[in-house]
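There are 2 protein chains.
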Amino acid sequence: MTDAHGNRLDPWVDAYATRARGMTASEIRALFAVASRPEVVSLAGGMPYVSALNLDAMADTISDLVRTRGTQALQYGSGQGDAVLREQIGEVMAEVGITGHPDDIVVTTGSQMALDLVTRVFCDPGDVVFVEAPSYVGALGVFRAYECTVIHVPMDDEGLQPVALAEAIGRARAQGLRPKMIYTIPSFHNPGGITQGPQRRRDILDIAQREGLLLLEDDPYGLLGFDDVGFGDAPPRAIRADDADGVVYLGSFSKTIASGLRVGWALAPHGVREKLVLAAEAAVLCPSNYAQMTISSYLATQPWREQVKVFRETYRERRDALLDELTRQMPEGTTWTHPAGGFYSWLTLPEGLDATAMLPRAVAALVAYVPGTGFYVDGSGRQHMRLSYCYPEPERIREGVRRLAGVIETEVELAATFGTGHTLHDPAGPSTPTPDQA
Amino acid sequence: MTDAHGNRLDPWVDAYATRARGMTASEIRALFAVASRPEVVSLAGGMPYVSALNLDAMADTISDLVRTRGTQALQYGSGQGDAVLREQIGEVMAEVGITGHPDDIVVTTGSQMALDLVTRVFCDPGDVVFVEAPSYVGALGVFRAYECTVIHVPMDDEGLQPVALAEAIGRARAQGLRPKMIYTIPSFHNPGGITQGPQRRRDILDIAQREGLLLLEDDPYGLLGFDDVGFGDAPPRAIRADDADGVVYLGSFSKTIASGLRVGWALAPHGVREKLVLAAEAAVLCPSNYAQMTISSYLATQPWREQVKVFRETYRERRDALLDELTRQMPEGTTWTHPAGGFYSWLTLPEGLDATAMLPRAVAALVAYVPGTGFYVDGSGRQHMRLSYCYPEPERIREGVRRLAGVIETEVELAATFGTGHTLHDPAGPSTPTPDQA
Chain U
306 MTDAHGNRLD PWVDAYATRA RGMTASEIRA LFAVASRPEV VSLAGGMPYV
356 SALNLDAMAD TISDLVRTRG TQALQYGSGQ GDAVLREQIG EVMAEVGITG
406 HPDDIVVTTG SQMALDLVTR VFCDPGDVVF VEAPSYVGAL GVFRAYECTV
456 IHVPMDDEGL QPVALAEAIG RARAQGLRPK MIYTIPSFHN PGGITQGPQR
506 RRDILDIAQR EGLLLLEDDP YGLLGFDDVG FGDAPPRAIR ADDADGVVYL
556 GSFSKTIASG LRVGWALAPH GVREKLVLAA EAAVLCPSNY AQMTISSYLA
606 TQPWREQVKV FRETYRERRD ALLDELTRQM PEGTTWTHPA GGFYSWLTLP
656 EGLDATAMLP RAVAALVAYV PGTGFYVDGS GRQHMRLSYC YPEPERIREG
706 VRRLAGVIET EVELAATFGT GHTLHDPAGP STPTPDQA
Chain B
306 MTDAHGNRLD PWVDAYATRA RGMTASEIRA LFAVASRPEV VSLAGGMPYV
356 SALNLDAMAD TISDLVRTRG TQALQYGSGQ GDAVLREQIG EVMAEVGITG
406 HPDDIVVTTG SQMALDLVTR VFCDPGDVVF VEAPSYVGAL GVFRAYECTV
456 IHVPMDDEGL QPVALAEAIG RARAQGLRPK MIYTIPSFHN PGGITQGPQR
506 RRDILDIAQR EGLLLLEDDP YGLLGFDDVG FGDAPPRAIR ADDADGVVYL
556 GSFSKTIASG LRVGWALAPH GVREKLVLAA EAAVLCPSNY AQMTISSYLA
606 TQPWREQVKV FRETYRERRD ALLDELTRQM PEGTTWTHPA GGFYSWLTLP
656 EGLDATAMLP RAVAALVAYV PGTGFYVDGS GRQHMRLSYC YPEPERIREG
706 VRRLAGVIET EVELAATFGT GHTLHDPAGP STPTPDQA
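Chains as they are written, first to last, in the working numbering: chain U, 306 to 743; chain B, 306 to 743.
Everything labelled a hint here was simulated from the structure, so no lab data went into it.
Only true hints are included.
Which copy? The list can't say, so a pair holds if one copy fits it or any two copies do.
With a Cα cut of at most 25 Å, we get these calculated SDA-like pairs of lysine to any residue:
no., residue 1, residue 2
1, Lys614, Asp625
2, Lys614, Ala626
3, Lys614, Ser356
4, Lys614, Arg372
5, Lys614, Gln377
6, Lys614, Thr376
7, Lys614, Asp629
8, Lys614, Gly537
9, Lys614, Glu392
10, Lys614, Ala362
11, Lys614, Ala364
Kindly generate the complete structure, drawing on both the sequences and the hints.
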């Protein structure tokens, strides 16, 4: 079953659901396969630096778990998640000011699944979700999978703009659309590298409450802050800490312990939590007891706060290397955000340059990034890119920035001489996320 | 936010998506919580007997994995699943006659998630899925979550009836409905305890091909057969072995290794596989490397075929205990299926009895089962129940059957004297599955 070009035809092409018709792999994927070669400095991936973990301690914890409680760890568990782990998640959330009941927590296969479940439970096709411009590519993939209407709201240097948000909601209502949720990453935004201060959070919550919209607060990086952004020495206080009925809070162990375990959670108002558990059971029956109990044992027996501090210091050093080298190398007209935590800086190219078109040249020069278009549903973002500093060593980051600066300089010269080049085909805004883009 | 009865009201009750409105917990759930007490013999749960595993060997395998390849096991992985594991899954599927390419396999968080993804990719609201009567409660939960129209097709002692299937498809088309998939569990059916022979499988595949419908073959129990059902000494040959383009095959390690790892897979036609990977990435980014590499190491270093044989012998002994004791104890008018493998027998009560209404009395008599209604979308099944023999020891199974026979006898007497009793509220056919019902 091959066509004239040797491609296999899909006999089911007319049978797919409407939601699946737009599911196509972006051409960027092929480039990322190339970008994973060791000689390429990847500033693209959002992979945490798990080498910073104490693997021997982890191995001992797990081995002990399987030997002593293996028949539980290897068995089906509750659809809502392990009760002991849910208690411990309560302690973790206390770090960002949240007092939540373990019964209102649902453990999921990474917080990506929590995003999926919340959308499944709340969004009919066409329902409007307001998101930052730009927004997390994985969230956009979920909203598209449920055929939501996604409306981007501009950010400033404190993130999502309240006035613009209120206006966007008003416009949507005036157009007869059905606003349903506001999705935000208040702390160390992916991909924006921006953090909402205390007043900004209050303003956004006020709007959500006034408009009767669910606020979906995604907080994978909350404990990975470097600088004071208005909360003193403490991690940024979660919006959920100030509203238990109107906010669904998403948390994750992917960045504070290990992403390979795929353990995240949602803390939700009680009635919503019930729906989420039922939806979770339909989706996966139950989360992995094995992964959950590994996390739970780790939290109980290892100095996890110290480990988070190690991660924080690692990422701070890398952030500093990135920002310093950007300042040294980047040609005039290039700007970038100064993240106070998390994994990412958002870079804006000089006028007329196109990050999507430039990517093949960058990969040829052995540096990779994620073009901005993936973080918008509307084709915006060509002048932007996301730079990740979480995974490469500082010296590699500096080398990557030097290579990138060289590519940008060449592009600036070419654009000045010949005008801007043609562009790589990148269909329909956000490609479905790859773990590389997480 | 409490009402006069002290219940918390759900402020989001009007905001849920249409698909979530029907997501309500069955009252049966509360009973299962009671049924999990140790003094109750549970013939309800579908939990594999993981105590039969060599936990020390498992602990050593895992500890070694984390020590030597921890930075990979604890990191994000590919959305499609680990390449080495996909090769190994190819070997496992060879046992049921399948020659599949590792590139056409998607690893999922249990095969439940594969079910979810296939439905997500193929089914618009209203699309028709044909299922056995009765069918797996977890599949019905997925089909409901995607607002499919589910049509039950009768089984005989070789499972799904081809003539009835063809008629049901014809009727659906005549009504202007959109038939999309046939969902079947050909081997050791859950909950039916019935297996399709070779000719039956060919007949069903013929119909799917002729009608242009996707055949979704769910095969979690394929390697757990006790008796020859037309395939000699080999496990039943999968339908997928005879059609690579028209069948999506779902497999799982939950019953052959350990359910707590939550590792299953789909083998799909190439174009479908591409869609499934994109859908999987939207749903969970990637499956757990940690769980996948645990399975992969186990398959590579442990005698897994011997372990499957141990499971098979364990379940055969329990099946024999169940059938023998049913024959000894059950009152006239009670019938049950004779499973040649898997976990379940499907019992039919004497005329006029209601398994849902009877459940509280059974639990009071310290025995539990799953009432038949959960396995239908249309309220059928009251005269039936599913009995699982996978988890309790043989003597406990016999004790459970004795208790159950006592309850049924009392019900028969009561029905003869007073007519049938009133019934427990069990809304809308299938409740979302609990792991207990898996």
